[in-house]
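Order-wise, the sequence lines are chains A and B.
Using the UniProt record's numbering, you'd call the opening residue of the first sequence number 1 and step up by one each time.
Using the UniProt record's numbering, you'd call the opening residue of the second sequence number 1 and step up by one each time.
In short, the hints are calculated from the structure, not lab data.
Note that the structure is a prediction, hence the values are computed from the model and not measured.
Careful, some of the hints might be misleading.
A pair holds if it fits inside one copy or across any two, identical chains being indistinguishable in the list.
Unchecked claim - Computed list of lysine-lysine pairs in DSS-like fashion (alpha-carbon distance at most 30 Å, straight line):
(1) Lys140 with Lys309
(2) Lys141 with Lys384
(3) Lys346 with Lys222
(4) Lys276 with Lys141
(5) Lys222 with Lys483
(6) Lys324 with Lys309
(7) Lys428 with Lys309
2 protein chains.
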Amino acid sequence: MFPSSLFRIQNTPLYRKAVVGSRSLSSCNTNKTRLGLTPTLRNIIETEATGTEVTISGWIKSVRVQKRIAFAEVSDGSTLRGIQIIMNDPQIAAGLSTGCSVEIKGILASSPGREQSKEIQANSIYIIGNADPETYPLQKKRHSMEFLREIGNIRPRSQTISAVTRLRDRAETGLHKFFHENEFVRIHTPAITANDCEGGGEAFQLATPGSKIPESDFFGRKVNLTVSGQLHLEVYANAFKRVYNFNQSFRAEPSQTGRHLSEFWMVEAECAFVRKLALLLEVEEQMIRSTTQYLVDNAGSDLEFFSQKNEPLAKLVQRLTDRKPYAQITYTEAIDILQNADPLQKFAFKPEWGQGLQSEHERYLAAKHFDGPVFVTDYPAEIKPFYMLPNPDGKTVACMDLLVPGPCELLGGSLREHNLERLQTSIKAHGIDENSLDWYTSLRRYGTTPHGGFGMGFERYIQMVTGLENIRDIIPFPRYAGKCLC
Amino acid sequence: MFPSSLFRIQNTPLYRKAVVGSRSLSSCNTNKTRLGLTPTLRNIIETEATGTEVTISGWIKSVRVQKRIAFAEVSDGSTLRGIQIIMNDPQIAAGLSTGCSVEIKGILASSPGREQSKEIQANSIYIIGNADPETYPLQKKRHSMEFLREIGNIRPRSQTISAVTRLRDRAETGLHKFFHENEFVRIHTPAITANDCEGGGEAFQLATPGSKIPESDFFGRKVNLTVSGQLHLEVYANAFKRVYNFNQSFRAEPSQTGRHLSEFWMVEAECAFVRKLALLLEVEEQMIRSTTQYLVDNAGSDLEFFSQKNEPLAKLVQRLTDRKPYAQITYTEAIDILQNADPLQKFAFKPEWGQGLQSEHERYLAAKHFDGPVFVTDYPAEIKPFYMLPNPDGKTVACMDLLVPGPCELLGGSLREHNLERLQTSIKAHGIDENSLDWYTSLRRYGTTPHGGFGMGFERYIQMVTGLENIRDIIPFPRYAGKCLC
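Whole structure, please, built from the sequences with the hints as guidance.
Next comes the structure, spelled out in structure tokens:
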């Protein structure tokens, strides 16, 4: 897309010269580092030949000085493992300590048998920013996730958070790829809304004390932060057939466990002209399969970092990507399985038709009974929201949850009621103010279509493929009851 | 990536049969419609041969019934122009009206010389959802943008909003592509924050009246919605070298003009190990050039829809993508130009060194003097935020705004102060509570690097390439003082 003559250098930033001088532009990976930015370690390791003189920049992860030689490990976040720096003259290691930012010039050499395939024989090291060894909180040793959470501004340099961050980036890319390949249009649904889709009463409300307009009246009505973009997506599905979003959602959930965040990312999709729940299941399954395959192809070493000592996790990732359809049962069958579960399996809550599935039930189904992803469909209407399409049995609705080992509930969706009168009846039956949803119900007046959609918690997806227990370690800046550090 | 055997059909939804039956899988565009979803009109027009039997679904845009023939136009949001349906038996048009949702079976035919290259000779039309012609608000005629704003749930079906929506989708894709090709990592910065980066006092604050935890105390402190993800991005730039976000930002801006939204999308980026402002300018310029080129390549007809009767806009899009560097002047030079502007140019505010540039000044520079994009760099320190890096002159800071015809200020950025002591002095001088920024300033203790970044308003970018005057027409669900419809 960029003609190569566009790679003009308008300036010669300090850190570029050495690298550029040592190779021709045509030998570069043309997908990378077209601008006057320094290439990342990943780029250098993947594209530069050994023997090349390179200049790298990054942060020191560890230093080891011996009598006649010194070693350091440098990272810049582009690879799971940093690159080893060999200093044949230990004097050039003077002043180096963990956490320093450095620029290093040297010769790229192969490093067979080590974690990283290449290393650098350093000629010069320039310390850009010091890090006091007495106070720098991140040492080579293994830190607990709790400790890392307390140093939120430094933890991105830790191996675990660094791998999570790259996986988030690649997983999002994989999701966009999946949706665009299947002709979905991305819609930017709002964060501020007058609608509380789930009706759970856990929405954050807005205040604007500093504004010139009276506090409660900036928008002329009460507004809250979105708990789901579904209803807004349905508006656009009525014009674009297939739409999706990738947005933040918010819940003022007072729970202090590691399962909930007050602010999290969701991918939601809506498809018009869809009559069968099975088609939605196919879209969902293929979304997860292709996104996970994208991670295997583009972030394999980060995935392996989490699964190498975790056999069930490795098996799960394999299961998510293989061709075998995910298991699928109805809610009624699920209740039956749970009621007949191994007598040793003692549930705190008795599984009973008409009641929601508890976490312990979901965990049993996904992690034990099916030992893999399982769709549970057709829940009782009474425990589901107003917009779901009733099944002909008059008791259940055409909906699904996808349960997986790890986060349990990964995804939920349904066909939506597309008939105006039936929708209005359902709204009333759920005790919701009909007028507040005029904008939504009136879609059924003008070219309504059978349709459906779903939402997947992005952090839960990442939690699933990393096996991390606490969702606070999945998002860059976790927000939860009592915690909003910065 | 998907082996073709994965295209198993787990179900046969109503709308697929006819199309699938009429072609082999190998003749499909393998990038599209892998699942059991109906292909879009765009897909059919681009990949199906004339003479093929097709089944399409969409919404009627217009109907014309004559004695022996009837015509209808159908759209599904995938193309700027719908497809023409020819009914040789006018009886099958019975009941059709603008706004209906339909399924149509027929034979694809070429349609030379018309707006759309293909049309459909209909065999059968099935009306899925009616639209009362008496009340359906969107007719074939041209509606004003003000009127469309009042029918926010139907306007996505209008040609203008439909084109804007596709351009948003493609522009976002182009941005992700640019950043990933240049080894930036996407960071999901928070919406809820205890920090007010710009210090403008226009942040929305949160309340949680329904929560079990006392109202002001859900997070144990006052929090607000983010006005910029910059400071959070800097945290990650200190570990990943180059990072970006694509997030919502929020301003409780009481202005009632068409230039501001209370909720809007921004793309922001931070680069570590960058000493020269010129390098940031290069990244910014190339981001805009490559994203606009991506639109030209992937949404050309939507761009043309806006520029075909707007010669200056066509020229601007051309200018944004050509190889000639964007104009670049210092703030001091800008003041000089403004003070010597054509005497006929009467400014309401006198341009004076030390004062911010007014909109009228920016408009003069971009739309009149340079007639294209122009970077203005090195503004006086006093009118800029605490984090910007001072220039050696002691009076200005190393920053830039990019001004363009249309929205004027498109983008702003700077090098950031990377020295701990100087940053702390600046924070005090700006009257900000030092302790509240400990998490940010302490980044300078541990391997600080010269760095910088910028932010671009996404709606302003779309406004620029569409020439639309009111920013409320750029975002799916506009929020502004007094307005939050749903």
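- Query: Can you list which hints this structure breaks, lowest number first?
  - Reply: 2, 3, 4 and 7
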